[in-house]
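**Student:** One-letter residues, chain by chain:
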Amino acid sequence: MDFKLTKEQELIQRTAREFAEKNLLPQVESIIEENRVPDAVIRDLKDLDLFALFMPEAYDGAGADYQSYVLVMEQIARICPAVAVIMSVNAVGLAAVEIFGTEAQKKTYLPPGCRGDGVLSFAFTEPGTGSDPKQITATATRKGDAYILNGTKRFITNASFAGPIIIIARETETGEVSGFIADKFCDGYAISEPWKKMGCQGAPLYDVYLKDLAVPAENRLGAPGKGFRILKVALALGKIGISAIFLGTMLAAYEEALRYAREKTHRGEPITKFQAIQMAIVDMAMKYEAARWMTYRIGYLADHAKDKGDILKDSAMAKIFVTETAVDLARIAVGVHGSYGLMKDYKVSQIWRDVIFGPQVEGVSHLLKVLVAGEILKG
Amino acid sequence: MNIILYSERPDLASELVTAGRAIMDICGGALQALTIDDDEQADFLAARGVSVHRVRSDQPSPADVAQLASAVHQTAVALEADMILLASNRRGRELAGRLAQKLGGGCLTDVGRFEVLDGRPAFSRNALGGAVEDVRCMETGKQVIALTPHSFAAAGVATGPGPVSDLPVRLSPSLVRLKETIRKGADAVDIEKADILVVVGQGIENKEDLTKAAQIARSLGAEVACTKPVATDRKWFSEERIIGLSGKRCKPRLALLLGVSGQVQFTVGIRDAGAIVAVNLDEKANIAYVADYLLVGDLKTLLPELVKRFSA
Amino acid sequence: MGFVVVSDHGKEEAMNIVVAMKQVPDLKMIRIRDRRPLLEDVPFMMGEIDRSALEAGAELREALKGKLIVLSAGTEPLEDTVKEALAAGADEAILILDEALRDGESALVAQVLAAALARMPDVGIILFGEGSADNYSGQVMARVAEILSWPQVGYAREIRIEGGVAQITRSLEDCEELLEVPLPVAVSVVAEIRQPKTPSVTGILRAGRKPKTLWTLADLNIGLNGGAPVRTISRLAPVSSRLGQVIGSVDELVEIVKAKRGPS
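Protein chains in written order, with our numbering: chain A, 1 to 379; chain B, 1001 to 1312; chain C, 2001 to 2264.
These are computed hints drawn from the structure, not numbers from a lab.
Incorrect hints may appear among the rest.
Said to hold, decoys possible - Only pairs whose alpha carbons sit at most 20 angstroms apart, straight line, appear in this in silico EDC-like list of lysine to aspartate or glutamate:
no. : chain 1 : residue 1 : chain 2 : residue 2
1   : A       : K196      : A       : E33
2   : B       : K1179     : C       : E2176
3   : A       : K22       : C       : E2252
4   : B       : K1308     : C       : D2251
5   : B       : K1179     : C       : E2255
6   : C       : K2028     : A       : E18
7   : A       : K347      : B       : E1205
8   : C       : K2210     : A       : D183
9   : C       : K2067     : C       : D2026
10  : A       : K22       : B       : D1233
11  : C       : K2197     : A       : D314
12  : B       : K1184     : C       : D2122
13  : C       : K2197     : A       : D47
14  : B       : K1308     : C       : E2252
15  : B       : K1184     : C       : D2174
16  : A       : K143      : A       : E103
17  : B       : K1179     : C       : D2174
18  : C       : K2210     : C       : D2103
19  : B       : K1251     : C       : E2173
20  : B       : K1184     : C       : D2091
21  : A       : K232      : A       : D132
22  : B       : K1193     : B       : E1239
23  : A       : K344      : B       : D1298
24  : A       : K107      : A       : D183
25  : A       : K22       : C       : E2048
26  : B       : K1235     : C       : E2180
27  : A       : K22       : A       : D39
28  : A       : K264      : B       : D1233
29  : A       : K369      : A       : D314
30  : A       : K107      : A       : D60
31  : A       : K226      : A       : E103
32  : A       : K313      : A       : D132
33  : B       : K1179     : C       : D2091
34  : B       : K1308     : C       : D2122
35  : C       : K2067     : C       : E2040
With the rest of the complex left out, here is chain A (with noise of 0.2 angstroms):
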C-alpha cells in the first residue's frame, strides 16, 4: 500500500492547480453572473490536456488515467466547480463512446470531444421518473436507416453546446433500452431556458426536447438493449467525477475557514486561540482527509477494472459519502465565520450555495443506498 503521489501525479495537480488560480479565480465572478463558462475556458484546459485526461492520445486525449482525473477536478474544483462539472459530464460521454462505440463513432465524436469543440452531453433522467432506468419513457421508433427520438429529458448538462448528445431511450419494438448519439441542434432538437439554480452556476441544467429526432442508425450506440449497460458504467464513471468535485470545494470550504479563522480577531486575539473553533477546524481537517482517500481510490480502481461497470457499488459509496459530508463541512465552514459567513463578500457562502448540489445530483443519495443495499444484500 503506498499513499504517496508520484512525481507525475504531482505534478498534474499542479498543473491543474496553477491554471485554476491562474486562470479560473479572475473569471469565478464572471462565469456566476452569467452561468456560463466562456469557450476560452475549455481551449485553455485543452491547451493543457486537462480536458480529457483518461481518453488515449489516439483522440486527442491526455493518455493519462482517472488518479490523475480525480487530482484534476479536485483543484479545478476548488476553484470554480462549474468548469469542472462541465467536464465531468463530457468525460461520462466520452467514456461511454469509447467503451461502448463502434469504430466510426469514435472517430467521429472523441476527437472533438477531448479537444472541447464538441462538447458532450448525456441526457438519461426525465420528468415523470427521475433517474430510473427501469421507467425511462423517451422512445426510439426504428424507420428505415435511421431511429426516430421523442420525449423529455431533465436537468441535463452540456445541452446547450455545439457536440453530441448521448441519449437514452425505449425502443418502440421491443421495449429494450438504448443508447443513441446524437447531434444538437438539428430538427427535432431543443432546449428550455437553463434552471435558475441556487449555486454552481456556469453550468447551466436545460430540459432537453426530442420530438421527431432522426438519428441514423449507426448511430446507436452498441447494440440493441445494451442501454442498461451503458447506463451502469456512466453513473459509475460518472460519481468519480461528482465526488472529486465536491471533493475540491471541501478543500476550498476549509481553506476558507482556516483562513478566516486565522485573520479573525476576538478582543485582541486570533479566534484560533478559542477551543470551539480549534474543534471545528480538526472536524473539517478530518472530513476532508477520509473523503479524499475515499475519491483516490475510486479512480485507482476505475484504473483497474476491466468492466468500469463493477465499480458502481464503490463509486455510489464514495459519491453519497463525499458529497454528504462535503455538506457537514461547508455547514462547519460558515460556522466559523459567524455571520459573515452568509455575505456574498465571503467566498464560503457560494461555497455553501455550491455544496448542496453534491447529494441532489448523479443519484441523489437514497437512491444510492438503495442500490448499495441491493449490492451488499445480494446473494
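Could you slot chains B and C onto chain A? The hints should help.
**Tutor:** Frame of chain A; chains B and C shown alone:
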C-alpha cells in the same frame, strides 16, 4: 589577516572600509582598498584614511566580470591578501564567485553581519529562503566575502588621508563588448537608503488604493517599496522597489507595511528596520511576528482615513 | 531568421542549450521547531527561477538548432525532481548523483557542473537562475565560467543569439547593459526574463520517457580532497524582537507613526 576591499560604487566601498576595520579589530592585520581605473574613487577612499591601490588595466572593460576578477585577483596575489571584501550588489555578487574560483577559496555572498568565534570572524547570511540564518566560517586560506549593501555604516572622512599608489595589471583581451548602457530612468530609486518606507503588499487590491498609499508616502516623506508579487505579477512597480530575498534588504528607521502578509521571503528584507507598523486584514499570524504594531482592518476603508490624517 | 553556427569546415553545426537546475526543498513546507528547520518529509522541487531560465532556454532552441538539456547535480530524489524540467520542455537530462552533493556547496557543485559541461558536445550557452531559491548565493555560474574559461554575464533580462554571438541585456540596480558575447557563454538570468510556463499533462507524462544520463563523481574523475571551503556552524531561525502589538485604532496608529518618523 590581510584584507583588501573593492566595489565599483564608492558609497558601498566606504561601507566595506567600516566592515574591514571591524574584522581587523578581531583578527588584526592590514586593510587596503583598490579601485580600478577610477581615480576619483581612489581619492574618495583615501580621504577615509584607508590605503588605496589604483589598479591600472591596459584594456579596461568594466562590464566584463572575467576581466574584473582577473584584475582583483592579480592585485590580491601581489598584496598577498587573505580576504577580499566585496559589496553584495549584483556586480559584486557576480564578481565574488569568479574571484573565489580563481583564488581557490571559499566565498559567501549576502553577508549581513559577523561575530567573533574562536578569534576569527563568523559570518551570518540567510538560508532556506530566509527561514533560517546560517552562521558560517571559512576553512580556506583565501576567502571572498560579499556584504549586503547598507549593512555597515559608510566610513567618514579621516583626519589624515591614506596613501595612494598605482598598481598595473595585465589583462587578456575582453570577450564581452559593452554596446550600450541604459540608465534606469525616473524610477531609479534607492529604497535601501530611505529613512522611511511605505511598503505595498498584495492586500492593496487596486490602483486607486495604490494611489492612496503613494499619497501617504508623500505626506510622510517616505519612499514607496513593495513585495515581490506586486512588481512581478501585477507589474505596478519596477523590480527596483522589491523588498525581500530576491530584492533589496532595507533598514529604514520606520516602515509602514500596507497589506503585506509577511511571508518569510519578504521579511528577510525588512528584518532590520527600526520600527515596523503594519496595517493588514490577512494572515495575522505571520505579520504579527514581523511587526511592532499591527492594526487589523480593511484597507479599503482605512486608506482614505490614513490619507486624510497624515496629510493634516 | 533562424541562425546557424558555421564551423571551420563550413558545415552547419547545431549548438545545445544547457539549463542548470538545482533541486530545492519546497520552502513553503518547511516548519520551524525550537528555531530549527524541520526538513524531513519536505519534498524537493525545481526552483521557480530555474523554471524561468528553462523557459528562456526553450526560446533559444530555434536559433541554435540544438537540444535543450537540463543539467543538475544533487542527491537521489533528483531523478524524480528533474521530471519537472523535462515536463516543461527540456529534451534530455544529465544528472550527477552523489551523497557528497547533499549540501549543494557552491565550489563543489561548480566543479561538478564544469566537468560535466566539458564532456558534453557542442554546448553554446548554459543558463542559471540568478540565485537558488533556498540559498540565493549566486556563485555557481561564475565559478563554472571561470573553470571553463568562458565569458559570463549575470542578471540577464533578455538574451538573443545571432551569428554565433549572444546579445544580452544585463539588469543591474541602476542601469541596464547591452552586451555582446561570443559563444559559449555562461549566463545567469533574473526572474523577469520569462514567466515559467505551466507544463501540460502530456508533457508531464512524457517526461519520464525522455533520455536521462546519470553520472557519478567518479565518472567525472572528481575526488573529494579536503573538506568544504565553508563550514556551517549553526542554522537557526532568527528570533523576532518585534513587539507584535495589536493596536485598536487609527488614532493610535497615526500617533505611533508620527512618533517613529522623527523630525523631518
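**Student:** Does E2040(C) lie within 20 angstroms of K2067(C) when you go C-alpha to C-alpha?
**Tutor:** violated (36 angstroms)
**Student:** Is the Cα-Cα distance between K22(A) and E2048(C) 20 angstroms or less?
**Tutor:** holds (16 angstroms)
**Student:** Going straight from one Cα to the other, do K344(A) and D1298(B) come out at no more than 20 angstroms?
**Tutor:** Distance ~16 angstroms between K344(A) and D1298(B) Cα, so the pair holds.
**Student:** Within 20 angstroms, alpha carbon to alpha carbon, are K264(A) and D1233(B)?
**Tutor:** Cα-Cα ~27 angstroms, so violated.
**Student:** Assess, step by step, whether the Cα of K2028(C) is no farther than 20 angstroms from the Cα of E18(A), and give holds or violated.
**Tutor:** Holds, because 16 angstroms separates the two Cα atoms, which is no more than 20 angstroms.
**Student:** Given the proposed pairing of K347(A) with E1205(B), does the C-alpha separation stay at or below 20 angstroms?
**Tutor:** holds (17 angstroms)
**Student:** Quick one, are K1184(B) and D2122(C) close enough, alpha carbons at most 20 angstroms?
**Tutor:** Violated: K1184(B) and D2122(C) sit about 36 angstroms apart, past 20 angstroms.
**Student:** Is K196(A) close enough to E33(A), meaning Cα to Cα at most 20 angstroms?
**Tutor:** It holds: about 12 angstroms lies between the C-alpha atoms, which stays within 20 angstroms.
**Student:** Check whether the Cα positions of K2197(C) and D47(A) lie no farther apart than 20 angstroms.
**Tutor:** Given pair K2197(C), D47(A) holds - Cα atoms ~12 angstroms apart, limit 20 angstroms.
**Student:** K1184(B) and D2091(C): Cα distance at most 20 angstroms?
**Tutor:** Measuring from Cα to Cα gives roughly 37 angstroms; hence the hint is violated.
**Student:** Decide if the proposed pair is consistent with the structure: K1184(B) and D2174(C), CA atoms, cutoff 20 angstroms inclusive.
**Tutor:** holds (6 angstroms)
**Student:** Are K1179(B) and D2091(C) close enough, with their CA atoms no more than 20 angstroms apart?
**Tutor:** Violated, at about 33 angstroms.
Hint compliance for this structure: hints 3, 5, 8, 9, 11, 12, 16, 18, 20, 26, 28, 33, 34, 35 are broken, all remaining hints hold.
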